[in-house]
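Protein chains in written order, with my numbering: chain A, 1 to 132; chain B, 1 to 290.
Just so you know, these hints were derived from the structure itself, not from any lab. Some hints could be false.
Said to hold, decoys possible - So the derived list for chain A, only partly shown, Cβ under 8 Å to chain B, looks like this: (1) 12; (2) 13; (3) 17; (4) 29; (5) 30; (6) 32; (7) 34; (8) 41; (9) 50; (10) 52; (11) 77; (12) 120.
Being a predicted model, the structure only gives us computed values, none of them experimental. Glycine residues also receive a C-beta, built at the ideal position from the N, C-alpha and C atoms.
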Amino acid sequence: MADTLTFDLVSPERKLASVEATAVQIPGMAGDFTAMPNHAPFLTTLRPGVVRVTAGSEVTEYVVTGGFAEISPTAASILAEQAVPRAEANAAMVSDLLAAAERDLADAPDEAKMALGQRLRDVVALRSQIGA
Amino acid sequence: MPSLKDLKIRITSVKSTRKITKAMQMVAAAKLRRAQESAEAARPYAERMEGVLGNLASGVSGAANAPRLLGGTGGDKVHLLVVATAERGLCGGFNSSIVRLARAHANRLLAEGKTVKILTVGKKGREQLRRDMNNYLIGHVDLSEVKKLAYLDAARIAQDVLHRYNTGEFDVCTIFYNRFQSVISQIPTARQLIPAIFEASEGASGAQYEYEPDEGAILAELLPRGVATQIFTALLENGASEQGARMSAMDNATRNAGDMIDRLTIQFNRSRQAAITSELIEIISGAEAL
Chain A
1 MADTLTFDLV SPERKLASVE ATAVQIPGMA GDFTAMPNHA PFLTTLRPGV
51 VRVTAGSEVT EYVVTGGFAE ISPTAASILA EQAVPRAEAN AAMVSDLLAA
101 AERDLADAPD EAKMALGQRL RDVVALRSQI GA
Chain B
1 MPSLKDLKIR ITSVKSTRKI TKAMQMVAAA KLRRAQESAE AARPYAERME
51 GVLGNLASGV SGAANAPRLL GGTGGDKVHL LVVATAERGL CGGFNSSIVR
101 LARAHANRLL AEGKTVKILT VGKKGREQLR RDMNNYLIGH VDLSEVKKLA
151 YLDAARIAQD VLHRYNTGEF DVCTIFYNRF QSVISQIPTA RQLIPAIFEA
201 SEGASGAQYE YEPDEGAILA ELLPRGVATQ IFTALLENGA SEQGARMSAM
251 DNATRNAGDM IDRLTIQFNR SRQAAITSEL IEIISGAEAL
């Protein structure tokens with residue numbers, strides 16, 4: 001049994017990571033989950049949050065703003081809307097996101113309010129999580 | 001016969017033109033490399049996106065409740081043409097070839113009695129289309145302020161297009177751009193964005209995916225993103241093509257200027273020699289007459 005899976009993190013503009021990982025923690029739309037080798041095939045959208053990649057004893061973190069993840073028994077790929085290494089994530093980026101989320105919420109028709117409100121809460125949670 | 005002075009001025013002017021074209025060629029070469037890199041970097045995302053969407057789409061297409069972006073509006077009366085060109089000229093036939101393709105397409109649709117609307121991206125295409133397609137232009141996206149094309153720029157265009165689609169402004173959307181083949185060859189390409197067409201993935205991975213939230217919701221979220229990705233890819237290809245076209249156009253111009261300088265220099269030397277010879281003859285015949 002393989003004990004690693006191939007983890008790819010790509011954003012529209014570049015490929016951020018392509019490594020062998022033992023576990024990847026991903027902020028899915030319906031809650032965080034951790035993909036490990038031999039995970040069942042799985043496709044989910046993402047909420048803004050932190051992706052934590054464990055390769056052996058090494059842990060790398062990335063901040064993603066949304067997108068989706070495709071998990072198969074041997075690989076986990078994240079196609080992020082926007083993604084940066086945790087160290088590069090800063091307050092300006094998050095407050096931009098926050099402003100955009102607030103604006104969207106204000107403009108949205110009623111039936112979309114629920115989803116956008118959730119997004120706003122996710123961004124706020126992300127902000128406290130990265131301590132910006 | 002131009003005088004010696006005229007020739008000299010001519011040569012100097014061609015020489016400075018050659019310097020300019022040479023510099024532009026080198027700038028284009030540097031920009032081309034960067035443009036190619038970003039096109040390359042964007043490829044994995046686009047490929048994945050297409051793969052996943054293809055998988056998802058094959059599951060729901062044909063179903064009566066397929067999303068409108070996939071199934072279309074049911075009609076094909078109104079066509080939106082997104083014509084992506086460069087912001088600047090001096091790049092050979094780059095802009096014209098895109099415009100020519102788009103124009104042929106538009107004329108064909110008009111002949112079939114369809115309605116055509118055109119959205120231009122990039123100043124040059126707008127200028128060329130304004131001449132005979134002015135009535136069909138419905139909008140313009142200005143990218144002249146954009147130094148390095150970002151996904152957000154493409155996303156903004158996609159948002160505009162999707163908004164028009166959702167308000168029923170058109171049924172079918174096609175984007176026109178130049179696909180980058182090599183420095184000397186760029187292929188004008190038309191690609192249908194809406195309704196979305198995805199090549200069926202090879203042998204359908206077999207694995208049955210679990211979806212969260214559900215299949216429909218994911219598809220509804222991904223399709224607009226797929227459109228944005230396709231526009232982004234098209235614009236990146238276009239960017240690389242533009243620099244490639246400019247580079248070869250400027251290379252040609254530089255070589256041309258070199259040839260011209262050679263020819264003018266020969267002409268200059270000949271007429272200088274002729275002038276000296278005739279002066280000598282005058283002196284000699286003057287001396288003989290004594």
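Here's how the hints hold up against the structure:
This hint holds: residue 12 of chain A has a C-beta 4 Å from the nearest C-beta of chain B, less than the 8 Å allowed. Taken as an interface hint, residue 13 of chain A checks out: its beta carbon lies about 6 Å from the nearest beta carbon of chain B, inside 8 Å. Proximity of residue 17 of chain A to chain B is violated relative to the hint, the smallest CB-CB distance being about 11 Å (cut-off 8 Å). Against a cut-off of 8 Å between C-beta atoms, the interface hint on residue 29 of chain A holds, since the closest Cβ of chain B lies about 6 Å away.
With a least beta-carbon distance of about 5 Å to chain B, the hint placing residue 30 of chain A at the interface is held under the 8 Å criterion. At about 12 Å, the closest approach between the beta carbon of residue 32 of chain A and any beta carbon in chain B exceeds 8 Å, and the interface hint on this residue is violated. Because the smallest distance between the Cβ of residue 34 of chain A and any Cβ of chain B comes to about 14 Å, over 8 Å, the interface hint for this residue is violated. A distance limit of 8 Å between C-beta atoms decides the matter here; for residue 41 of chain A the minimum to chain B is near 4 Å, and the interface restraint holds.
Annotation: residue 50 of chain A was flagged as interfacial toward chain B, and the flag is violated, the nearest CB pair being 19 Å apart, outside 8 Å. At its closest, the beta carbon of residue 52 of chain A sits 19 Å from a beta carbon of chain B; the interface hint therefore is violated under the 8 Å criterion. Because the closest C-beta pair between residue 77 of chain A and chain B is about 6 Å apart, less than 8 Å, the hint holds. Nearest Cβ of chain B to the Cβ of residue 120 of chain A: about 17 Å, over the 8 Å cut. The hint is violated.
The structure shown violates the earlier hints numbered 3, 6, 7, 9, 10 and 12.
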